[in-house]
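Undergrad: Sequence:
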Amino acid sequence: MKMLNRAVFATLAASTLAFTAACGGGAGTGNSGSGETVIGVTLSTLSNTFFTTLRDAAQKAADGAKVKLVVQDAQNDAATQLSQVQNFVSQGVKAIIINPVDSDQATPAAKLAENAKIPVIAVDRTINNATVAASIASDNVQGGQLAADTLAKLVGSGDVLHLQGVLGTSASRDRGQGFTTNIKNAAGIKVAATQTAEFEKAKGMSVTTDLLQAQAGTKGVFAENDDMALGAVQALGDRAGKDVKVVGFDGTADAITAIESGKLSASVAQQPAELGKLAIEQAVKAAKGEKTEAKISVPVKVITKDNLAEFKK
1 MKMLNRAVFA TLAASTLAFT AACGGGAGTG NSGSGETVIG VTLSTLSNTF
51 FTTLRDAAQK AADGAKVKLV VQDAQNDAAT QLSQVQNFVS QGVKAIIINP
101 VDSDQATPAA KLAENAKIPV IAVDRTINNA TVAASIASDN VQGGQLAADT
151 LAKLVGSGDV LHLQGVLGTS ASRDRGQGFT TNIKNAAGIK VAATQTAEFE
201 KAKGMSVTTD LLQAQAGTKG VFAENDDMAL GAVQALGDRA GKDVKVVGFD
251 GTADAITAIE SGKLSASVAQ QPAELGKLAI EQAVKAAKGE KTEAKISVPV
301 KVITKDNLAE FKK
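If you read the sequence shown in UniProt numbering, its first letter stands for residue 1, the second for the next number, and so on.
These are computed hints drawn from the structure, not numbers from a lab.
Quick list of simulated restraints, FRET-style, between CB atoms:
| hint | residue 1 | residue 2 | range |
| --- | --- | --- | --- |
| 1 | Q215 | N129 | 34 to 40 Å |
| 2 | D159 | D56 | 38 to 44 Å |
| 3 | K60 | D139 | 20 to 26 Å |
| 4 | G35 | T257 | 42 to 48 Å |
| 5 | T209 | K295 | 35 to 41 Å |
| 6 | D56 | P299 | 16 to 22 Å |
| 7 | A65 | T304 | 34 to 40 Å |
| 8 | K60 | Q215 | 42 to 48 Å |
| 9 | K305 | K184 | 24 to 30 Å |
| 10 | K305 | A216 | 22 to 28 Å |
| 11 | Q213 | A65 | 50 to 56 Å |
| 12 | K184 | T209 | 23 to 29 Å |
| 13 | Q75 | G156 | 40 to 46 Å |
Since the model is a prediction, treat every value here as computed from it, not as a measurement. C-beta atoms are modelled at their ideal positions from N, C-alpha and C, and glycine is treated no differently.
Take these sequences, add in the hints, and give me the full structure.
TA: Structural data, given as structure tokens:
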């Protein structure tokens, strides 16, 4: 993940906020001539199928609401995301949807929009220390708890690995919190190693490969998203789903295929399409000056081979 040193980022953020204040906020061309409503969207990454699904659902909802959507990929870079929000403010969009690269480092971006009187919708991850019109996310703590319970049941007893996502995100924090709370109560289960793989498949594979060198007797793996889980499956080879049970998080199409093949044992399913749809609904309300829902929690559910048919399209 391309994250700035926090001191450097803070300096850049302060400069950006000062510049915007000096320029008098968000008057611009984002809703020019045609009179159409424009909503800006900055997603942490579009290299993850979860977020492309979210984007596609948001676009469908925007089309239905007859608003224009401008989507940007922050490429897991907090400075890039801040710049994208600054551009949205300059363009005078009516609302901004932010899926934060980092829950702390997204604060200046949200304040930038707030100073310009442009409502912000946080989606999938929260934004710390900022005022937002709505925050929409899965119940990640519950999801982590479900993952722990599922892995404990699959493994029975033995050592397990915990692959964390991007450490500054609320999604990783909450999933990890839920997992840690419940796995501690699982008799005979020990978390032998915990390490970040930053929500990336390639890193999930390399980190798991490295951890297995020291933890050859590992019986299970929990990864905080499906991309990392599928990377772990690759690292495990023939052991995946047999000697070592792997549980992911998201319920992506690739994860469902892996569950069907027996390589992935389970995934805690989010609803990225629902997150995208709800984000647009709240953004449209905010753009019109209507009341929004401050917090929307979208339920999660564990996918295994036993209930796979419910999730196959």
